[in-house]
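Got chain A; can you put chain B on it based on the hints?
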Amino acid sequence: MQYTQQNISNDKKLFYAWFEAMHTRIDIAIYIDVIRNDLVEIISQIEAEIKKYEKLGNRFDPQSEISYVNHHAFDNEVSLSDDLFILLTDCYLHNENTRGYFDVSVYSSKKYQNKTKPFSLDSVHKTIRFSHSGVLIDLSGYLKGYVLRKLMSLTDKADLDNFLINLGNSSIYAKGNHPYGEGWKLKIPESDCELILHNECLTTSGNSEKTKWPIINPLEDKLVIVKKPISVITRFPDYGEVLSKVSYLAPKSEIESILKYYGGKIISLE
Amino acid sequence: MTNIDRRQFLKNMGLVSGGVLLATSPWFSAFSEQKHSIGSKARIGIIGPGSRGQFLLSFLVQNPKVEIVAICDLYKPSIDAALKMAPKAKTYTDYKKLLEDKNVDAVVIATPLHLHYNMAMDTFDAGKHVFCEKSIAYSMDETLDIYNKYLQSNKVFFVGQQRLFDPRYIHAVEMVHSKKFGEIEGIRAFWHRNNDWRRPIPIDATDKQINWRLYSDCSKGIMTELACHQLQIGTWAMREIPNKVMGHGAITYWKEKREVWDNVSCIYVFDNGVKMNFDSVLSNKFYGLEEQILCNKGTIEPEKSKYYFEEIPPAPAFLQMINDVENAVFGSLPFAGTSWVPETANSNDGHYLLDKKPESDGTSLLLEAFAEAVITGNQPPLIAEEGYYATQLSLLGHQAMAEDRTLIYSDKYKIEYLNHKKQTVF
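Just so you know, the protein sequences line up as chains A and B, in that order.
Everything in the first sequence is counted per the working numbering, starting at 1 for the first residue and increasing by one.
Everything in the second sequence is counted per the working numbering, starting at 1 for the first residue and increasing by one.
Quick caveat, the hints were computed from the structure, so don't treat them as lab data.
None of the values given here were measured: they were computed from a predicted structure.
Be aware that one or more of the hints could be misleading.
Capping the alpha-carbon separation at 30 Å, the derived lysine-lysine pairs in DSBU-like fashion look like this [unchecked claim]:
#  : chain 1 : residue 1 : chain 2 : residue 2
1  : B       : K357      : B       : K297
2  : A       : K13       : B       : K179
3  : B       : K356      : A       : K187
4  : A       : K222      : A       : K117
5  : B       : K297      : A       : K13
6  : B       : K102      : B       : K88
7  : B       : K180      : A       : K13
8  : A       : K51       : B       : K297
9  : B       : K180      : A       : K12
10 : B       : K297      : A       : K52
11 : B       : K102      : A       : K51
12 : A       : K55       : B       : K297
Simulated coverage check for chain A against chain B, where a stretch passes if three residues somewhere in it have a Cβ under 8 Å from a Cβ of chain B [to be verified]:
#  : region
13 : 24-31
14 : 63-70
15 : 180-192
Beta carbons are placed, not taken as given, at the ideal position from N, Cα and C, and that holds for glycine.
So here's chain B without its partners, still in its complex pose:
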């Protein structure tokens, strides 16, 4: 996205007024110095240019402020595919060698989850900025270590939570924060699919290399790969971290070789009693994915890009009349006609959050923000913390299901953010 495109994007979102945008999404401050960074380049290395890594690469190579200088993978077909997009990049099979490369300012980590920890820690130790695909790490201890390492590093740390830059979600959360729908009374997040999540294995690869998400020593399955995205919407909208979680996970349908659940349900409880549910069934896709934010005056479905009022909204024609009267105009009310809705039915089709469907899910803007932050060296506020809690809550939910008990968020993993900030005693 060029600068002009970005301005148009913000304008289209009705978010061109920086104050409103930054109040809801302070990480957009990454773009505040973009004029000064013209001509500069973020020199980025990619560790793990597999399917997700190539997806990220496809956006990075379009950014004139990014130079892909290095790529690293053990699997040659991934290197070959990445070189087609970034032909000048040096190639590595050992990520530690890539980290020694002085031409690399920042590293994008897009490897299987269980590999994130060492790679992220080593990248910070090498004095480089980090973009880590979500979830951050395989365990809560590892995630905390990485976050603390970032704090000590004075480097930039981004997590691949692209919804933070998705216009639908930004607009939805902005409306929630403005109290347009009253108070949040519940959040229902779900991500349903009807496939085995299994990818074909090339002749020169192992099943674990390709389908690592299905192995319990590589991934926590649904929680770290799907829930992580959606739980972050809950904390963003609520501006609070839930402190209690319970749930159940099982393999109910895909009973072939698989070590992770294909059916999970978790309840996260905020301190005021509001609950955030996360459900995923991998053998039914009818309802797809959504994060339904249920408020006492309305409902928002950001994925559908829609919102619904509990009560009917004012009629546009009457609002126009009020506007006309303010301007001393004797205008007409354009509404007379046959009945507004059928006499027999009552439906609420809602309203669209945006005038048109956004072209991106936020990934391109997230990566642009990362490049800007790498160039300026300034970490945008809260983006690391949103990513941190998205991972920790996913892992805590997984643990609650694995242990089949209700868990309280441990003080050990609390950081200085939202309701987990240490209380000052006067």
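Chain A on its own, in the form it takes in the complex:
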């Protein structure tokens, strides 16, 4: 972790820290009293929290817990840590709440038949079991928002009132105010759209000019051509991850009710 800080007045300063995690960059700007000298410690806690979830949910890391699940949960019931159990339970519920459009198992090699859920969770024993072979849980499109939600609790406990956290440009949470304005002003370079975030999250998914990620519609098992990114504003960042995926998969007739359920707003739509 590296940081710099700038005194703005006799009693206020702007603190900026940055580091690399989850294969992307993390930037944190905090507008706060000059006398606060615990910011490095707080950022260290944030870094540790992010890295904890990276270790838990990065399917590309063979040592991660989710990798173990992906390799063993068809043959055996696999016990989950509390953190991964809660995370997967949330994913399960989001799948229900979006009528199946949000699906962390969408990259499984064989699609499930007869509407069978690809995995089941046992809430008593905190275990997971895949319903068939080839199921693959990929949290890449969800983890950043989920972790950012965890960081909201952490920053609340640390009494941070004015700050902005950026996880890889695609998941951003802004609380309170910039030193010289209400909220935090952001610009989406691709669309040239400028907006102010105030106790809200901005989440962007899809492809930019430089990327060609394969995006699959889980209900039709078809590749979806997504050229432009979609940004959504939500109260909570994990909701943002869900809505930014669903918004380019679900028919427009269904998007509105899902957005309403999550309390989200689309900023740009293809």
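Chain B in isolation, oriented as in the chain A frame:
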């Protein structure tokens, strides 16, 4: 390069502030009196206008402060080619006759290595300034003799280490000296090619005349022709001379008539344990040439004109926000978008040292500095010493490989420079 071009060049490099430039590259003081030298000319003679000599000549003839008054070579085609660029030059076949020419203020020596010693010594004795192509001489004794002769001469002495004037290298070393990348932990220099280094022999020339680099009584091969350039980057960046060297040389691929190695590897050790490696393989060109300066916070590759931080740098958008806040501006942060890098890969593409590729490798500026120094008679600081150690380290490395043992830099060849300065006892 005109004066205006030079100012623009320095500006483009971000080196227009003289203090920073002179701290890293004090030899740029050669230009400090250039206004006073307007209208004056450095009258230069060239000994050895072969391929390298003609390359140097091509820059010299463009400098309005230079007049090429004499050229000398035994090989007529080289004289003819040089005359096309400098038609008014007197021609000689005996360099001693050129040295007697009163119209010659300074001499550029671009002959095969084994000829440098007598020519350089005689040039100083003739009371003329010297520009000697690297390496300075064939042996460490000869190199020391030439350096001592220069000290006694009160004349200007330049060595053809053009990287000292290359904007990429100046900027890189400036960044290293500023500690932006922390401390140097290692230097890896390499120069790989995939050719036999052999030039076609004209009907009226001998193989030794043309391919002298391949003959062990004319050259020390890779060490004096290639390593010499790169080892100098190590001492410049480290501000220290390594005192120990070991290595191995062999002919592994080009086994036709050749007396010098086509495959060498040397390790130079600085007093603090940091190592500078030099490798050259003449039968594989994949990695080309580079001097990788490895620091604890980053890596610099001057030849590629790139640097890389070990940790990610701050985001420009956030730095802009800090700047905005200093000016009480509620600016926007232009970064929102899809993920910064792919979820699956982690790469570090680095940053460019300069905004654009430099037009010159430093040779033109090196020669301009020489002309200025000839006119003013002022030797720029440290340039002779950088050249001296580049040669001595190349030769010491060659000796270590030839004797197949670890060698310590002998006190005999130490001069008053960097860590080799004599300690004052109070």
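Hint check results:
For the suggested pair K357(B) and K297(B), the alpha carbons sit about 25 Å apart, so the restraint of at most 30 Å is met. A C-alpha spacing of about 27 Å is found between K13(A) and K179(B), which places the hinted pair at or below 30 Å, so the restraint holds. Our distance criterion of 30 Å between C-alpha atoms is met by K356(B) and K187(A), whose separation comes to about 29 Å. A threshold of 30 Å between alpha carbons decides the hint, and for K222(A) with K117(A) the separation of about 18 Å falls inside it, so the pair holds.
Annotation: proposed proximity of K297(B) to K13(A) holds, straight-line Cα distance about 27 Å (limit 30 Å). Taken as a hint, the K102(B) and K88(B) pair is honoured in the structure, with Cα atoms around 16 Å apart against an allowance of 30 Å. Between K180(B) and K13(A), the direct Cα distance comes to roughly 25 Å. Compliance with the 30 Å bound is thereby established for this hinted pair. A distance of roughly 22 Å separates the Cα atoms of K51(A) and K297(B); the hinted pair therefore holds under the 30 Å criterion.
Only pairs whose Cα atoms come within 30 Å are accepted, and K180(B) paired with K12(A) is accepted, the gap being roughly 29 Å. For the proposed pair K297(B) and K52(A), the alpha carbon gap of about 25 Å is at most 30 Å, so the pair holds. Between K102(B) and K51(A) the alpha-carbon distance is near 76 Å, which puts this suggested pair outside the 30 Å criterion. Only pairs whose Cα atoms come within 30 Å are accepted, and K55(A) paired with K297(B) is accepted, the gap being roughly 25 Å.
Here the region 24-31 of chain A counts 4 residues with a CB under 8 Å from a CB of chain B, which clears the bar of 3, and the coverage holds. For the region 63-70 of chain A, the stated coverage by chain B is not satisfied: 0 residues place a CB nearer than 8 Å to a CB of that chain, which falls below the threshold of 3. For the region 180-192 of chain A, the assignment as covered by chain B holds, since 9 residues bring a beta-carbon within under 8 Å of that chain's beta-carbons and 3 suffice.
Figure legend: structure checked against the earlier numbered hints; hints not met, in rising order: 11, 14.
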